[in-house]
Amino acid sequence: MANKKVLIIVPAYNEGANIQRTIQDLRSVTPEFDILVVDDGSADDTALKARAAGVVVTQLPFNLGIGGAVQTGFQYAQTHGYDIAVQFDGDGQHEAGYLNALIAPVAEGKMDIAVGSRFIHPDNTYKSSFVRRIGIHFFAHLISFLTQYQITDPTSGFRAFNRRVIAVFAEDYPSDFPEPESIVIASRYGLRLAEVPVEMRKRQGGVSSIRYFNTLYYMVKVTFAILLNMIKRKKERN
Amino acid sequence: MSTQTLSVVLSLLMGMFVIELVRREKLTFKYAAGWLLLSGAGVVLAIFHEWLDNLSAFLGFALTSNFIFFTMLCGFVFLSLSLTIFLCQQNSRNDRIAQKLGLLEEELALLKSELKKKG
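Chains A and B, in that order, are what the protein sequence lines are.
Residue numbering for the first sequence follows our numbering, beginning at 123 and increasing consecutively.
Residue numbering for the second sequence follows our numbering, beginning at 112 and increasing consecutively.
Listed next, the in silico DSSO-like pairs over lysine-lysine satisfying Cα-Cα at most 30 Å (straight line):
#, chain 1, residue 1, chain 2, residue 2
1, A, Lys343, A, Lys356
2, B, Lys211, A, Lys127
3, B, Lys228, B, Lys211
4, A, Lys232, A, Lys357
5, B, Lys211, A, Lys126
6, B, Lys228, A, Lys126
7, A, Lys357, B, Lys141
Honestly, the hints are just simulated from the structure, not real lab data.
Required output: the full structure, derived from the provided sequences and hints.
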């Protein structure tokens, strides 16, 4: 893994309260990896704090949503010739301690995408609301049924990608519900994807984009988005 | 005033309004062309309304007015769908530009600081 050029993409929207802690976390575990913070049109001092921490920051002129922000990271990774890109959320949910375990299958060439799953870890301690757990399991079964992958955590944003995936996602990445939909895209392009056990923390601050009372509506929307994504064609490269 | 005269006048007014919008550069010709064509068709069909009557009877409508309302409704549904497509296209272009801008700004800042270091 030592000879691989790795970029950690940290999408951040109004994460001024968490971003420096996230960067410190990453630096303490993997100081050799480059970090790119994509500030998704934050109204607070996210970009300023990230720059002060000494990482590269790309500031989007307005909020594109997590999909657009992460895709910007893929475009950066592609332009600068990175071998591996990792998505690591800026809200402090992901644990840097699992980075090497997540990257390993991709670096060894066994997988194109590794997805960190909260639900296959032997001492799974992740707690979330009952409704959300039902939602996650529903999508896990739906996506496993529709694609050739065995998925347990389709909404996990803790992922590692190789060059091939970086090239695909720099061009073709969903903007509505990127985590579950991108698994469908990966299947369309015949990419090898597997899950890696990880643990995640509860959000440290800010508000999750999935609110409790909207869960049912969210589930219906995402189901439609996934089903529609299934019948899309590959994008032609420009 | 007969409905025929009213239709001609309204169609002409719409056409003149569109031409005025082009003159004030609120509309480009590309987007105005369709509306001008519609205004022209309105004038012609108001004058030769028996064409409309015949077509509507041929298609099985009891009243020509029903045929006109039906056609216009279908036209508006189609129009709003094409506007939604256009909106989505503009939206994804916007996103692309925003991404590119973000990346280029970062690169520019890097180049500037490198130049500064070199003196």
